[in-house]
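Fit chain W to the supplied structure of chain B, relying on the hints for placement.
Protein sequence lines correspond, in order, to chains B and W.
Each residue of the first sequence is one higher than the one before, counting from 1 in this note's numbering.
Each residue of the second sequence is one higher than the one before, counting from 118 in this note's numbering.
Keep in mind that the hints were calculated from the coordinates and are not lab data.
Source: prediction; values computed, not measured.
A hint or two may mislead.
Calculated lysine-lysine pairs in the DSS-like style (CA-CA distance at most 25 angstroms, straight line) [unchecked claim]:
#	chain 1	residue 1	chain 2	residue 2
1	W	229	B	109
2	B	17	B	58
3	B	70	B	58
4	W	159	B	109
5	W	174	B	109
6	W	131	W	159
7	W	229	W	131
8	W	229	W	159
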Amino acid sequence: GDSVTQTEGQVTVSESKSLIINCTYSTTSIAYPNLFWYVRYPGEGLQLLLKVITAGQKGSSRGFEATYNKETTSFHLQKASVQESDSAVYYCALGDLYGGSNYKLTFGKGTLLTVTP
Amino acid sequence: GALVYQYPRRTICKSGTSMRMECQAVGFQATSVAWYRQSPQKTFELIALSTVNSAIKYEQNFTQEKFPISHPNLSFSSMTVLNAYLEDRGLYLCGVPGLGNTGQLYFGEGSKLTVL
Numbered sequence: 001g002d003s004v005t006q007t008e009g010q011v012t013v014s015e016s017k018s019l020i021i022n023c024t025y026s027t028t029s030i031a032y033p034n035l036f037w038y039v040r041y042p043g044e045g046l047q048l049l050l051k052v053i054t055a056g057q058k059g060s061s062r063g064f065e066a067t068y069n070k071e072t073t074s075f076h077l078q079k080a081s082v083q084e085s086d087s088a089v090y091y092c093a094l095g096d097l098y099g100g101s102n103y104k105l106t107f108g109k110g111t112l113l114t115v116t117p
Numbered sequence: 118g119a120l121v122y123q124y125p126r127r128t129i130c131k132s133g134t135s136m137r138m139e140c141q142a143v144g145f146q147a148t149s150v151a152w153y154r155q156s157p158q159k160t161f162e163l164i165a166l167s168t169v170n171s172a173i174k175y176e177q178n179f180t181q182e183k184f185p186i187s188h189p190n191l192s193f194s195s196m197t198v199l200n201a202y203l204e205d206r207g208l209y210l211c212g213v214p215g216l217g218n219t220g221q222l223y224f225g226e227g228s229k230l231t232v233l
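Extracted from the complex, chain B is given alone in its bound form (with noise of 0.2 angstroms):
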């Protein structure tokens, strides 16, 4: 099966200072996984923080940047300086572009951030 883990459920960080939320993934089923970052902030819905479908390739948005390691099978969020307005719940997301089933997303469990001034 597919699985996305994120270990950290919460993570507290000062503002200004730089942040790394790990995310790694494994599948059995897709060959050419791609890999999202979709964030949540309170009172929102649901949204697209940064995609990367080729692996080796690195995405960006908003400050934020992940790289997509197939060696080590990890997406990591990283921001070298956060504002209080990133508080949010980030979620680390596996898909099948090419598998016909663009619709179907792997969550992982979701980390809290939390920037404190």
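Positioned in the frame of chain B, the structure of chain W alone reads:
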């Protein structure tokens, strides 16, 4: 831009009753709609994929008898949770694939179900 609306945002229902939730796409066509559920302390899991003019595909552990879905046109879908019990509580999301084969889903804000 592409937007997805869901309603109601929150529902409280008595055990054994049913709850219907709706999903509307604005600005783009919802040829397919994926329904997800996030149970307490768990992540999002796919319930079913609904495609206009095609059979609805349910994932393992989810059935049409429990979660009937209607998808009558390219902008609207609804799902009902029949005979809701404690294990059905959670946040229900509808996701609509974006244009082109990008793998991205546009999600609504979710319908939160509380069962008493």
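Report task. Compare the structure with the hints numbered earlier in the document and write down the numbers of the violated ones, lowest to highest. Result -> none
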